[in-house]
Amino acid sequence: MPREDRATWKSNYFLKIIQLLDDYPKCFIVGADNVGSKQMQQIHMYLRGKAMVLVGKNTMIRKTIRGHLENNPALEKLLPHIWGNVGFVFTKEDLTEIRDMLLANKVSAAAHAGAIVPCEVTVPAATLQTPSGKRECKVSSVMSSTSGL
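-16 is the number of the first residue of the sequence shown in the numbering used here; add one for each residue after it.
If you're looking for bench data, these hints aren't it; they were derived computationally from the structure.
Hints are not guaranteed to be accurate.
Calculated lysine-lysine pairs in the DSSO-like style (CA-CA distance at most 27 Å, straight line) [claimed, not checked]:
#, residue 1, residue 2
1, 60, 21
2, 75, 89
3, 60, -1
4, 9, -7
5, 75, -1
6, 89, -7
Predicted model only: the values in this text are computed from it and were never measured.
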């Protein structure tokens, strides 16, 4: 099956977002940082029939919402929250039930070089033991924090 050209893909994507915004009265905006494809697939399977997950280009989502504001002015409240690596979970079900399902699929991610930590990390002060013939070094308490979604 040949891949559709970029213009066709974009127009279909816009139509899909508009259809989701019209069909589903409730939605979550979720952070999608450090979420692998396997975990995303498990979330899709877990929510099948109860919710629809959409992760895509923020610029295209913002453009679609701005174009759809005349039909639904309440969507303007979503615009400031569409930044970073986010996804949408559209649902007709009870929000607490879907939230619990999402939290049940939340897993800790291993630390990778260059990754930004989503919470505070504290390393207690200690003396490091090194192989014989080398000097000992003293490590003071280190704290790193970032603001996550």
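Here is what the structure says about each hint:
The hinted pair formed by residue 60 and residue 21 fails the criterion: a straight-line CA distance of about 31 Å is larger than 27 Å. A threshold of 27 Å between alpha carbons decides the hint, and for residue 75 with residue 89 the separation of about 22 Å falls inside it, so the pair holds. With a C-alpha separation of about 20 Å, the suggested pairing of residue 60 with residue -1 holds against the 27 Å cut-off. Distance restraint check for residue 9 and residue -7: the Cα-Cα separation of roughly 24 Å lies within the 27 Å cut-off, and the hinted pair is therefore satisfied.
For the hint pairing residue 75 with residue -1, the CA-to-CA distance comes to about 17 Å; that is within 27 Å, so the pair holds. The hinted pair formed by residue 89 and residue -7 fails the criterion: a straight-line CA distance of about 31 Å is larger than 27 Å.
The structure fails hints 1 and 6 (numbered hints given earlier, in ascending order).
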